[in-house]
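2 protein chains.
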Amino acid sequence: MGFELKILGANSAKPAYNRNQTSQLLTVQNELFLIDCGEGTQLQLGHYKTKISRIRHIFISHLHGDHFFGLIGLISTMHLQRRTTDLNLYGPPGLGEIITMQLKVSGTVLSYPLHFNEINPQKPSCVFENDKITIQTIPLIHRIPCVGFLFREKPKPHRIIKEKIQKEFSLLDMVALKNGEDIKGENGDIIYKNGDFTLPPKKSRSYAYCSDTRYHEGIVDQIKGVDLLYHEATFLSDREQRATETFHATAQQAALIAKKAEVGKLLIGHYSSRYKDITPFQTEAQQVFENTILAIEGETIYIED
Amino acid sequence: MGFELKILGANSAKPAYNRNQTSQLLTVQNELFLIDCGEGTQLQLGHYKTKISRIRHIFISHLHGDHFFGLIGLISTMHLQRRTTDLNLYGPPGLGEIITMQLKVSGTVLSYPLHFNEINPQKPSCVFENDKITIQTIPLIHRIPCVGFLFREKPKPHRIIKEKIQKEFSLLDMVALKNGEDIKGENGDIIYKNGDFTLPPKKSRSYAYCSDTRYHEGIVDQIKGVDLLYHEATFLSDREQRATETFHATAQQAALIAKKAEVGKLLIGHYSSRYKDITPFQTEAQQVFENTILAIEGETIYIED
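The listed protein sequences derive, respectively, from chains R and E. Residue 228 in our numbering sits at position 228 of the first sequence, and the numbers go up by one each step. One gets our numbering by counting positions in the second sequence from 1 and adding 1000 to each.
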């Protein structure tokens, strides 16, 4: 079952050079998670043939417009499509009020239940959990309250080798095998050793989304060893001072975080509109952390298990 | 000096078939007026190479999202561009509050003065006037308070024929000629007849923007004889009942209004997302009013004087 990230927009602040504002679509085992929602996100989703009716959870990192101005439009379009499924929003205080006010003035009573889940931006907390995944907030350091999101697949079951299943296995035996346990007799003796009937569990994959933030080593422990880290890189390092002043990071700083956190792969984006050519971002980051790629609209990053 | 209308978006409700939501840019003698501002309008303005710093007046017909969800993004981008020129918004009650709240949560103190001019949607009133143009509201009938906008050039001066200017003409004589008056001697006798020295004034052009509205003959007197009428046509006439229920109009109804108001040209748009092919809108309207054109993104309509 897939774990893939689609880039819908990767520019910062204002759109430029046909680069849209920030939005990403993460699909984990057929469940869609929309992360941030800059203006025009619904157009991007349409462009990439995503059925927006499948999106049930939307995560907003902070209330700068380039991360959420597209949300009200998306919510409205879901209503016009006569959606009936619940939609869950996760975002900082204030988001619910903004959405509610805009629905009110347009006389809109949504066709579906909309749930606001207010995030405390001060400390890491689990904001979502189902049988496959947990989602934790990552407090970041920005001009206004801002969090990242850490998506982690839960541990997976041992994989039973079908050809080796014995007729006498009960359902409880099968559960035990999936849990990695041996099958024991009434007296507690091992009858069947787990390793003879199963393969080890597939890897539990993880993705950390960190935008927007000043260089902040405080996040390293929390994101340690994730398969994929998205870290904002608004500037190149010749503008490190500007980055610090505006509570943003450089490509080099993003790579330093990736290196310290020993992540599998680094994805950078949130490019300032001052840069037409973004290839220097990759060059700069790769000098510190080789496995760095650029967030490019329309591209999909797959994480294998 | 030009009088031209650029179509930035002409779809209703939700974007579809690469058709954006409603927005138009009217340029009158080098002054830019933005009319409605659906999501993605700033992207469209960028796409068509409009310098958004030149926009000083934005008119919002009503608070349905497809007409204003792009406004906050545009306002923010102007700020990020370090604009210092005043920006004037004209819209129904509630608009100012929505914009103000979003600026507040993002911690944005705009780099330029933003003025909210609240419109009374109940009766026609002049909301803007300078030395070249007046702009009046046109009360429409929609599900929520909604107005159209009537742009009228003021009467223009008589055009003095340079070759015929006499040495003895004073500045006051020139003013008299431009005003269409004869030049008289101290005893009140006509010395120079205006018609010998001037050409008649150029035509004062006019544009009426009417979206969204149910079929409403009450607007006919106000828009009588305008050069160009934009009238919404959300549906074809086989869905007239649906149009009435949703306070929208059909292409045929738009054409009926154009005919009764004896306008020069009819422009229709605000197509429902249910229609992929919009050519039947023109066919239907032309059966009632021949000089009908379709609002198509990126196209410009020029009105000659």
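Rather than coming from a laboratory, the hints here were simulated on the basis of the structure. It should be emphasised that the depicted structure is a prediction, and the values quoted were computed from it without experimental measurement. Treat the hints with caution; some may be incorrect.
[Said to hold, decoys possible] Restraint-style ranges between C-beta atoms, simulated for each label pair:
| # | chain 1 | residue 1 | chain 2 | residue 2 | range |
| --- | --- | --- | --- | --- | --- |
| 1 | E | Tyr1112 | R | Thr134 | 41 to 47 angstroms |
| 2 | R | Val220 | E | Thr1085 | 57 to 63 angstroms |
| 3 | E | Pro1280 | R | Ile144 | 32 to 38 angstroms |
| 4 | E | Thr1085 | R | Glu304 | 23 to 29 angstroms |
| 5 | E | Thr1085 | R | Thr134 | 38 to 44 angstroms |
| 6 | E | Met1101 | R | Asn179 | 33 to 39 angstroms |
| 7 | E | Thr1283 | R | Ile141 | 39 to 45 angstroms |
| 8 | E | Pro1280 | R | Met1 | 41 to 47 angstroms |
| 9 | E | Tyr1112 | R | Thr279 | 56 to 62 angstroms |
| 10 | R | Tyr302 | E | Tyr1112 | 50 to 56 angstroms |
| 11 | R | Asp131 | E | Tyr1017 | 36 to 42 angstroms |
By construction, the Cβ of each residue, glycine as well, lies at the ideal position given by its N, Cα and C atoms.
Hint-by-hint comparison with the structure:
1. E/Tyr1112 x R/Thr134: 41 to 47 angstroms: holds (44 angstroms)
2. R/Val220 x E/Thr1085: 57 to 63 angstroms: violated (45 angstroms)
3. E/Pro1280 x R/Ile144: 32 to 38 angstroms: violated (49 angstroms)
4. E/Thr1085 x R/Glu304: 23 to 29 angstroms: violated (53 angstroms)
5. E/Thr1085 x R/Thr134: 38 to 44 angstroms: Violated, at about 49 angstroms.
6. E/Met1101 x R/Asn179: 33 to 39 angstroms: Violated: the Cβ-Cβ distance is about 51 angstroms, outside 33 to 39 angstroms.
7. E/Thr1283 x R/Ile141: 39 to 45 angstroms: Given a distance of about 60 angstroms, which is not inside 39 to 45 angstroms, the answer is violated.
8. E/Pro1280 x R/Met1: 41 to 47 angstroms: holds (45 angstroms)
9. E/Tyr1112 x R/Thr279: 56 to 62 angstroms: violated (34 angstroms)
10. R/Tyr302 x E/Tyr1112: 50 to 56 angstroms: Between R/Tyr302 and E/Tyr1112, where Cβ atoms are some 45 angstroms apart, the hint is violated.
11. R/Asp131 x E/Tyr1017: 36 to 42 angstroms: At 39 angstroms between Cβs, range holds.
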